[in-house]
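First to last, the protein sequences are chains F and Y.
In terms of our numbering, the first sequence opens at residue 1 and continues consecutively.
In terms of our numbering, the second sequence opens at residue 1 and continues consecutively.
FYI, nobody ran anything at the bench for these hints, they're computed from the structure.
Every value quoted in this text rests on a predicted model; they were computed, and no experiment measured them.
Take the hints with a grain of salt, since some may be wrong.
Unchecked claim - Computed list of chain F residues with no C-beta within reach of chain Y, every gap over 10 Å:
#1 A3
#2 G51
#3 H79
#4 T202
#5 T254
#6 R261
#7 A282
#8 S315
#9 A348
What the hints assert, rightly or not - To give a feel for the contact side, a few chain F residues facing chain Y, derived at Cβ under 10 Å:
#10 E32
#11 H155
#12 E279
#13 S283
#14 H296
By construction, the Cβ of each residue, glycine as well, lies at the ideal position given by its N, Cα and C atoms.
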Amino acid sequence: MSARPPLRAAVVGAGRMGMVHGHLLQVHPDAELVGLVDRDAGLAEHLASQGLRAPLYPSVDALYRATEPEAVFICTPTHTHLAVVRECLARPTHLFVEKPLATSLVDAEAILRLANDARVMHAAGYVYAHLPVVQAAHEIMAKGVLGDVLRFTAHAYVSEVFGPKQGWFFQKEQAGGGVVANMASHLLFILGWLFGPIRRVTASTRSHFSRVDDSAQVLFTFATGVSGLLDTSWSVPGTQMLDYGLTVDGRNGTLVLGRERILLHLLVPADGHAAGWSEIHASELPADTAFDVSPHIGGEAFYRQLQTFVDACRSGVLPFCSLAEACNTQRMIEAIYASAAAGTPVEA
Amino acid sequence: MDAGQLVLELRPAESRHYASWTERLATVARFSRPDEIHTLCEEAHALGARAVLAVVDPPIREALLAFQRWRDVPVWAVVPNMFAFIRDLTDLGMVGAARARFTRLGPAAMVRTGLGAVTRLGAIRRRDFATGTTLVAEMELAGLRGLRVSRLFLHPQVTEIALAGGVSAVFTALADRAERLGIEAGIVTHNPLRAAAVLGRELGRFAAVVAPCNPKGYKMFPDREACEELYRRDPGRFIASEVTAAGAIAPEAALTHVRALGLAGAVVEPRVVEQAFRATTRASAEA
Chain F
1 MSARPPLRAA VVGAGRMGMV HGHLLQVHPD AELVGLVDRD AGLAEHLASQ
51 GLRAPLYPSV DALYRATEPE AVFICTPTHT HLAVVRECLA RPTHLFVEKP
101 LATSLVDAEA ILRLANDARV MHAAGYVYAH LPVVQAAHEI MAKGVLGDVL
151 RFTAHAYVSE VFGPKQGWFF QKEQAGGGVV ANMASHLLFI LGWLFGPIRR
201 VTASTRSHFS RVDDSAQVLF TFATGVSGLL DTSWSVPGTQ MLDYGLTVDG
251 RNGTLVLGRE RILLHLLVPA DGHAAGWSEI HASELPADTA FDVSPHIGGE
301 AFYRQLQTFV DACRSGVLPF CSLAEACNTQ RMIEAIYASA AAGTPVEA
Chain Y
1 MDAGQLVLEL RPAESRHYAS WTERLATVAR FSRPDEIHTL CEEAHALGAR
51 AVLAVVDPPI REALLAFQRW RDVPVWAVVP NMFAFIRDLT DLGMVGAARA
101 RFTRLGPAAM VRTGLGAVTR LGAIRRRDFA TGTTLVAEME LAGLRGLRVS
151 RLFLHPQVTE IALAGGVSAV FTALADRAER LGIEAGIVTH NPLRAAAVLG
201 RELGRFAAVV APCNPKGYKM FPDREACEEL YRRDPGRFIA SEVTAAGAIA
251 PEAALTHVRA LGLAGAVVEP RVVEQAFRAT TRASAEA
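Input sequences plus hints: build the corresponding full structure.
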């Protein structure tokens with residue numbers, strides 16, 4: 001355990017993600033859960049029965065009157081993020097905002113501006129980017145092992161929507177969209193982190209069952225010249241949790257990123273990686289995790305995500321998963337929807 | 001294969017990770033058929049498996065019913081099927097998800113569950129976590145009628161949340177329920193140290209703690225050394241999971257490691273069983 005006092009943090013929004021973050025804040029040795037905020041006061045006993053021991057407050061204002069969190073985790077429905085961020089930044093408080101950042105790029109950029117003006121640390125909840133294999137893939141790319149990156153293909157699938165759906169998650173105004181904004185955005189974040197800002201997007205989306213997009217096909221061109229294809233759907237059978245895959249081709253080889261391993265094929269050796277095929281297995285990578293809150297979904301990535309945020313708050317150095325990077329993801333989401341609506345390529 | 005007690009792990013094929021989308025679809029399609037699952041059970045039995053740790057969905061239930069007609073192999077039931085429950089929660093809401101489980105029960109189980117719920121109305125209204133979890137678990141367990149169940153486990157998604165919150169009541173309720181049924185209770189977790197800390201002496205009420213164990217330290221949180229130290233204190237209580245570290249270790253080497261630690265047994269997933277069965281068959285053919 002670190003000698004520093006734990007990061008005092010509160011969770012705003014006590015739904016499924018709020019509870020996950022609340023539990024992690026309680027088990028992490030460098031963090032402390034000091035409060036939960038939700039309008040539904042009837043949740044208090046339910047939360048306490050789950051072992052979430054911090055008090056439940058009906059508003060951010062009530063939280064601030066009772067305690068002084070150093071950080072807040074915003075886990076309310078997406079369309080409320082900007083208003084809640086504004087409320088939370090009545091005091092300079094480090095911000096963790098669940099994904100997607102907002103329902104529009106304008107709101108996302110406003111959130112980023114507010115956080116930067118308040119000079120606080122900030123991060124977004126794209127949890128899959130914290131998986132050890134994803135971080136290892138980023139390191140390989142950053143070191144130029146593949147040479148000039150040329151192209152990629154990617155997929156993000158989950159079996160979730162096979163009929164009409166209810167709830168805010170399936171209302172575009174409240175959730176910001178469908179599969180693109182809420183599931184594929186995990187992969188969009190990783191693509192943006194690997195390849196930088198986008199230049200052009202050509203996309204088509206379809207609603208199979210719900211009132212939002214249930215599938216999408218996207219052709220990206222990034223500012224660096226990298227181009228690639230993404231296919232996504234939450235209306236395909238076969239996977240109860242998000243199944244993603246990414247294949248990247250460079251002048252010196254190919255990288256295939258899966259959930260448990262990276263396959264690498266290099267024409268010439270680079271940075272300690274041999275020519276030909278090699279494999280980097282998740283079991284060879286450090287997990288740096290003390291508690292696995294969700295073995296089947298996310299796994300150790302949730303703990304690592306919190307560790308990254310705590311480290312940022314303590315060091316004063318913005319993490320790779322900052323709201324600026326999340327704005328890049330939001331730009332991709334918005335461009336996809338704009339292109340699909342217009343039926344033409346969109347310059348970002 | 002020998003590593004103390006060998007246990008086949010069954011859960012919906014959709015809930016596993018695969019190397020590729022193509023492999024996923026091929027495997028999920030194959031294991032949507034009860035006869036394929038039954039074949040897998042027979043292969044596991046031939047390799048020495050004498051229990052099946054199962055999250056039961058309809059095809060798995062049908063396969064296990066057929067398997068248990070011929071083999072005296074008990075089911076270690078993992079309840080509730082959390083993925084199905086979460087899907088129902090999204091589609092039907094809490095009441096709808098509970099109702100869906102209730103209507104699947106036989107008349108006697110309906111009466112028992114109904115009476116049980118009446119005695120806990122206050123806790124249900126308060127949305128008490130332990131009560132809600134126990135009630136859903138009981139309904140799913142009642143839905144397993146016809147299967148010979150010898151051990152009862154909570155689904156890891158519930159277990160880890162309860163462990164994070166230090167809610168020992170969830171586990172004692174499970175142990176109480178198992179005792180009343182004349183079976184044993186167990187725990188499946190990726191956080192065995194936390195389980196030991198939360199449950200203290202109560203851990204002794206759980207006949208089996210299924211937790212990751214492999215020479216790479218994969219999924220062993222907080223680290224391999226701490227987990228192995230815990231296992232060595234009471235090896236007969238622990239059953240190894242994640243033994244091949246997601247395919248990074250060959251089955252025989254994985255089980256040798258478990259044996260060396262003296263653990264009570266090892267849980268093996270379908271691909272490990274199929275790999276080992278093929279190897280055994282090949283060796284027999286060559287001999």
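Status of the hints after comparison with the structure:
no.: 1; hint: A3; result: holds, 19 Å
no.: 2; hint: G51; result: violated, 2 Å
no.: 3; hint: H79; result: holds, 19 Å
no.: 4; hint: T202; result: holds, 23 Å
no.: 5; hint: T254; result: holds, 14 Å
no.: 6; hint: R261; result: violated, 7 Å
no.: 7; hint: A282; result: violated, 6 Å
no.: 8; hint: S315; result: holds, 22 Å
no.: 9; hint: A348; result: holds, 28 Å
no.: 10; hint: E32; result: violated, 14 Å
no.: 11; hint: H155; result: holds, 6 Å
no.: 12; hint: E279; result: holds, 9 Å
no.: 13; hint: S283; result: holds, 4 Å
no.: 14; hint: H296; result: holds, 6 Å
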